[in-house]
Amino acid sequence: MKSFHWTVVFLIALLFPIAALHAQDSTKADSKAKQIFSDNFGGLVSLGARTDINIFTAAPKSPGIGSGGSLRVQLLDRLNTEWFGDYVTSSLYNKAHRVDAHIGWNVMFYVLDPKGFTRKFTPFVAAGQCFDYTSVRLNGENQPLRSKATAAVQMELGCHYNITPRFDISLSTLYDLHLGKDLDTDLNPDGTVSVTESKGAGWEGHVMFILSAHYKIFRLWNTKKGLG
Amino acid sequence: MEYEKRIGVTTWPCNRGRTVNRLMLVAAITLVGLSSQAQKIWENRTGCAIAQGDLAPGYLFAQKTVTAYVDGDAAIFFENRFAAEGALWVSFATAASGPTGVKVNDAMFWGAEYHFLKPSRWDPYVSLTPGVGLVSVAYRNGEGVVMRTPYELAPLGSASIGCNYYVGSIFHFFVKVQGVFGQVTSVMPTSSRLDELKFTGGLAFNLRLWKPKKDAPKQKGW
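Sequence order for the protein chains is A and B.
Take the first sequence: its position 100, counted from the start at 1, is 99 in numbering that gives the first Met the number 0, and no numbers get skipped.
Take the second sequence: its position 209, counted from the start at 1, is 208 in numbering that gives the first Met the number 0, and no numbers get skipped.
A portion of the hints provided could be inaccurate.
Across the chosen pairs, the derived CB separations fall in these ranges [to be verified]:
#: 1; chain 1: A; residue 1: L70; chain 2: B; residue 2: L24; range: 45 to 55 Å
#: 2; chain 1: A; residue 1: E196; chain 2: B; residue 2: G200; range: 45 to 55 Å
#: 3; chain 1: B; residue 1: L24; chain 2: A; residue 2: L156; range: 53 to 63 Å
#: 4; chain 1: B; residue 1: L206; chain 2: A; residue 2: K33; range: 42 to 52 Å
None of these hints come from the bench; they were simulated from the model.
Heads up, the beta-carbon is just placed ideally off N, CA and C, and yes, glycines get one too.
With the hints as constraints, model all of the structure from the sequences given.
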């Protein structure tokens, strides 16, 4: 029940900024759309590599290690988007193993004006979606594979450290709320692990600590403004 | 000695010969060093690529063994101080002390390098390179029989420090130490850690891929 309350609070917190955006009048929205092509840093595309530590609420004491890559497409001076993919493996209580492949996207808002990324520390908040394929299998030969596909909403808090305006290292924490088939891994009192599939939908929390490095490769639009 | 006199060859007495050989080696190295100082090195790294391939050792902490690889690295400089890097490591000896343990530990890494200094002969750098391993582990099953896991993909995190020394525009010497962390999960009873230190060093080659634009427009403050 407690977790349900937290879920509701999380969803409200997630939906609040969206409602605030809808409250803006259409004229402002039009000018925002035009701003994409007038802002100095709109159109910048960054390519990056990332490594992450993953904690799933289904097995919080069995963190997984992931690696992957991401692409950022900047829309406005203070608004960026990130498109990512990760491959994560976890050892569940040393009795089972779990593999996650996920792709997703985020909209990032820079809390402080990055000043064209000349500001060394650029904190950001982000929200987005993620799609995940999970497989769990007990250790040992000929064990059955259980799998699920889920969709998730997520929020992220992080900070870029801009080594140069085009090159940054980022550290962030992301919380995913995966919605989909319920696949539980339980540690039994006798030390064995059981994997159970429940009928109907369930949710699973997922915390990621992400370390990434990105480089601004080219401009998708505003190409005449150059890259520096 | 008589035979040597007859055929007109003079050999040094053993110890003296070794000393002369050493002196000649030192002289040769010094000459190479002096001549390389005269060679030009890159004044602008942007647009240059470096590549190397060599045999490299590693140390797997979990199984406390030295490992051996064939390693190929390449990097492309997009700026004087930034390069995108890719590397391929193929294991040919994981030297496990027993019949069980990590037997195949191939890996691919990708990421970014930051070079601390402007172009000069010395070029220290750090890099952040996540990757993925292709791993096979030998283990004992419940009946004590040694089995091998199928090849499994294992996500890896890694960071490295290194230094290049440019002796000319064509090639440079380098050393690099790479710390890797990760784990492989498969059918074996427990997962295996892949935490490792990898060492590389030797000769690498440089190639200019494109000339940097001198009059590219700049953003304010960039």
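Need the list of violated hint numbers for this structure, in ascending order.
Checked against the structure, no hint fails, so every one of them is satisfied.
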